[in-house]
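Protein chains: 2
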Amino acid sequence: MELNDRKKLILQAIIDEYIVSAEPVGSRAISKKNELGLSSATIRNEMADLEEMGYLIQPHTSAGRIPSDVGYRFYVNSLMHRYKIGVEAIEELQRELAGRITRLDRAILRAGYLAAAMTDYTTVITTPVGEKTEIKKIDLVPVAEDSVMLIIVTRTVKSRVIKTTLTGDECISVAQVLNAVLTNKTADEISYDVIQEIENICCGKLGIEPKVIINVLNFVYESISELDDGEIYVENAKSILKYPEYRDVDKAREIFSFLEDKNNLKKLIAQTDNDGVRATIGTENEPEILKDCSLVTVNYSLDGKAVGKLGVIGPKRMNYSQVFASLDLISNEIDKLIGYISNDE
Amino acid sequence: MELNDRKKLILQAIIDEYIVSAEPVGSRAISKKNELGLSSATIRNEMADLEEMGYLIQPHTSAGRIPSDVGYRFYVNSLMHRYKIGVEAIEELQRELAGRITRLDRAILRAGYLAAAMTDYTTVITTPVGEKTEIKKIDLVPVAEDSVMLIIVTRTVKSRVIKTTLTGDECISVAQVLNAVLTNKTADEISYDVIQEIENICCGKLGIEPKVIINVLNFVYESISELDDGEIYVENAKSILKYPEYRDVDKAREIFSFLEDKNNLKKLIAQTDNDGVRATIGTENEPEILKDCSLVTVNYSLDGKAVGKLGVIGPKRMNYSQVFASLDLISNEIDKLIGYISNDE
DNA sequence: TATTAGCACTCAACTCTTTTGAGTGCTAAT
DNA sequence: ATTAGCACTCAAAAGAGTTGAGTGCTAATA
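Chains F and Y supply the protein sequences, listed in that same order.
In terms of the working numbering, the first sequence opens at residue 7 and continues consecutively.
In terms of the working numbering, the second sequence opens at residue 7 and continues consecutively.
Be a bit skeptical, because a hint or two may be false.
The list makes no distinction among identical chains, and a pair is therefore deemed to hold if it is satisfied within one copy or across any two copies.
[Unchecked claim] Heads up, simulated PhoX-like pairs for lysine-lysine below, C-alpha to C-alpha not over 20 Å straight-line:
{"no.": "1", "residue 1": "K38", "residue 2": "K13"}
{"no.": "2", "residue 1": "K14", "residue 2": "K38"}
{"no.": "3", "residue 1": "K191", "residue 2": "K257"}
{"no.": "4", "residue 1": "K13", "residue 2": "K39"}
{"no.": "5", "residue 1": "K273", "residue 2": "K169"}
{"no.": "6", "residue 1": "K169", "residue 2": "K142"}
{"no.": "7", "residue 1": "K297", "residue 2": "K272"}
{"no.": "8", "residue 1": "K169", "residue 2": "K217"}
Everything labelled a hint here was simulated from the structure, so no lab data went into it.
All of these numbers come straight from a predicted model, not from anything done at the bench.
Go ahead and model the full structure; you've got the sequences and the hints to work with.
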C-alpha cells in the first residue's frame, strides 16, 4: 500500500489534533475540519489503511486513533510544519539571555530556564565541557592557619581548599612555579609527569619538604583532571504533572526519580551525538522509563565548538515543531553569548 | 474540661497511629493496642472530649478522628517521644558528610541530600551567608583581548568577567591597590567611599583613565555587595508524590511550583528565626499553599555563628520525632565541618 | 461514679448494573 | 471512488445496592 499525499495529509491532521487534545482522534473530527472535503467514511477507510501500515494505533475497537511511534517519527521527519518564532519572542529571549550576564554557568542555567519557559516541557542542560580548557592562572591563597585555597582560572574559575603546612611565602613561590609551567596549557596536556617535574623544582630550588609539596600537587593534578567535568541541570520538572499521560502519580514519581539521577541523565543526553535538533521518540529512547516520552536535543557551541547539550523531555505528543524551533533558536543564541561573557561562580 | 494524663496518652496514641497510617483513627484501633486496657467505648468518650477541646477532627460522622493543627502542636511540644538515632546511622552520616570534601557549597548540598535521605521528605537548605565574609585576596586575570576575570577570594571564591580595555600590566597594578586596601576587610566594611578612594589612587599614581577604572570598580563593588547572597537548594522534591495527601496531581503541582520559586522559599525559611529545631504546622505557615504541610527548620552554624538554614517540608502527619532528631544531628555535624574545609566552586 | 456491652445509625467506598455516546466497520447506493 | 446509513463495540459515566468501619447513646455493671 502506498502512502499517498492524501494519506499524509490525514496523518498530519490526526497528529496535529492529538498533540493538542491528547484524546484519540476520530474520523468525524478530521472530516469536520473540512480542509480536505471528505466525509468521515472516507477518512475512516484511510485511517484503517494508516493503521495497517503502522502509523496509527487504535487503543480499543470503538475508539479513535492515536499515532504510533512510527507515526510520530514520520511526522517529525516529513510532515511537521516549520514553526516560526515571532520577532518579539526572539528579542525577548535575547534580552533575557544576554542581559547583565557575568557568569557563564548562570547564563547556561538561564538558557535552560528559558527553554523550559518557551516550551513548557522539562528541560535538561549541561554546562560547557571543552577538551580545550586552557589554564590562564593558578593561585594559592592562605585562608587559615593550616589551609590554602587553590584557585585555577580557565574560562571559568575552580577552587578548593587544601590542608597543608605550606607557609605564605612558600605559597607564592609554588604558585610562581605552577604558573610558569602550566599557564596556557590545556587540561589534557597536563600529565602526571608534568606535575612531577614541578615537584622536582619545588623540592630542589625552593627546598620545600617533599611530603608537603606532594600532597599539594596531588590536589592540583586532581583539580586539573576535574576541570572538564560538566554539570547538568533540570528545569521545570513539575511540568510533567501537567500532562494527562502522567496523571498517574506513581508514573510521575518514576520519572522524577529518573531526572534526579544526574549521572544517568548525563549519559543519556551525551549519547545523542547530533548535528542540529534531533528527537528520539518513545521506544527509540533507551531507558525503559522514557518509552512513553520523547527527548529532543541540540548541541550548543561556544566559540564554534560543540561543548554542551540542551534537551527537552516531554510526552510523545509534544509540540515538536515548537520545541524544534525553540531549541534551534536558543542554541544559536547561546553561541552568540561567548562574545559578552565567560564565567563561573 | 481538663486534659488529664489519660487523654494525653490517647491523643498521643492517635497521632502516632495517624502518622503511619494516614487514615482516620477509630476507637477500636486504639483500644486494641491494649496499652491502656480500656474498651473502645471509653476511648470513644475520650475522643469525643478531645474533639470538643479542639485536638481532634472528625472528617465525617462515621469516620475515625484525625489530629487538628492544635493537636499536632500539642504533640510536638509535649507528647512526642524523643527519637534516638542509631550510632551506625550517625557514623554513616559523618562519613558521608565529611568524606573528601573540598568545597563548602558541595558539602552543604550534600547535607541537604542526606537530610532528605534520612527523612524521606523534601529538604531545603541555604548556603552559608555570613555578614562577616572577610576578603582574603582579589585578583584580576586577563582572559581575552578585551576582558578580565575578577576573582574575589573569601571563605569561598567568587568570580566574574568584566569587559574592559585594562592592559595586563594595569591589571596587576590595580589588583595590588585593591589588595592593599581591601584585604582582611569584611564585605560590610566596604562602602562605596572606599571604592572611590581606590579610584583616586588608580587615576592618580597609576595614571589609568578614569572611565576605564570606574567601570571596573563598579563591578568590584557590585561583586562585593553580592558576596553575602546565599543560594537555596531543594532536595527530594519528588517525595511529595509519595504521600497520600498529595495524590491529587494538581495539588502536588502547586507545591512544586512553590518549591521552584527560590526567592519565595528563601523568604519563607529566613523568617523562621529559631534556636534549635522548630516546626510550623499547617495553618501556622504563612503561605496558603503550605496550610496542609509542616515545615521543620534548624539553623546551622559554621565557626559557631548561625549562617544557614536547613528545613524539611512534608505532610502535617510527618514523623516529627525522627525529623527533629535528624535535623538536630545534621546541623551539629555541619558545624563540625568547618574544621576540614571551606570552599566553593 | 467510671466503665463497658450492646445496638441503631451514618456514610464513604466498593461493587455491580445500566446507560450513554463517540467511534468503528461494513454494505449498498451514488 | 466516495458516501450515506446502520448495526455494533466498548470505555466511561451514572445509578443502585452493599459493605463495613466507625460513631453516639443508653442501660447494665463493677
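Cross-check of the supplied hints:
no.	hint	verdict
1	K38 / K13	within (16 Å within a copy, 68 Å between copies)
2	K14 / K38	within (17 Å within a copy, 68 Å between copies)
3	K191 / K257	neither (48 Å within a copy, 53 Å between copies)
4	K13 / K39	within (15 Å within a copy, 68 Å between copies)
5	K273 / K169	neither (34 Å within a copy, 36 Å between copies)
6	K169 / K142	between (24 Å within a copy, 17 Å between copies)
7	K297 / K272	within (18 Å within a copy, 37 Å between copies)
8	K169 / K217	within (13 Å within a copy, 42 Å between copies)
The structure does not agree with the numbered hints 3 and 5 stated previously, though it agrees with the rest.
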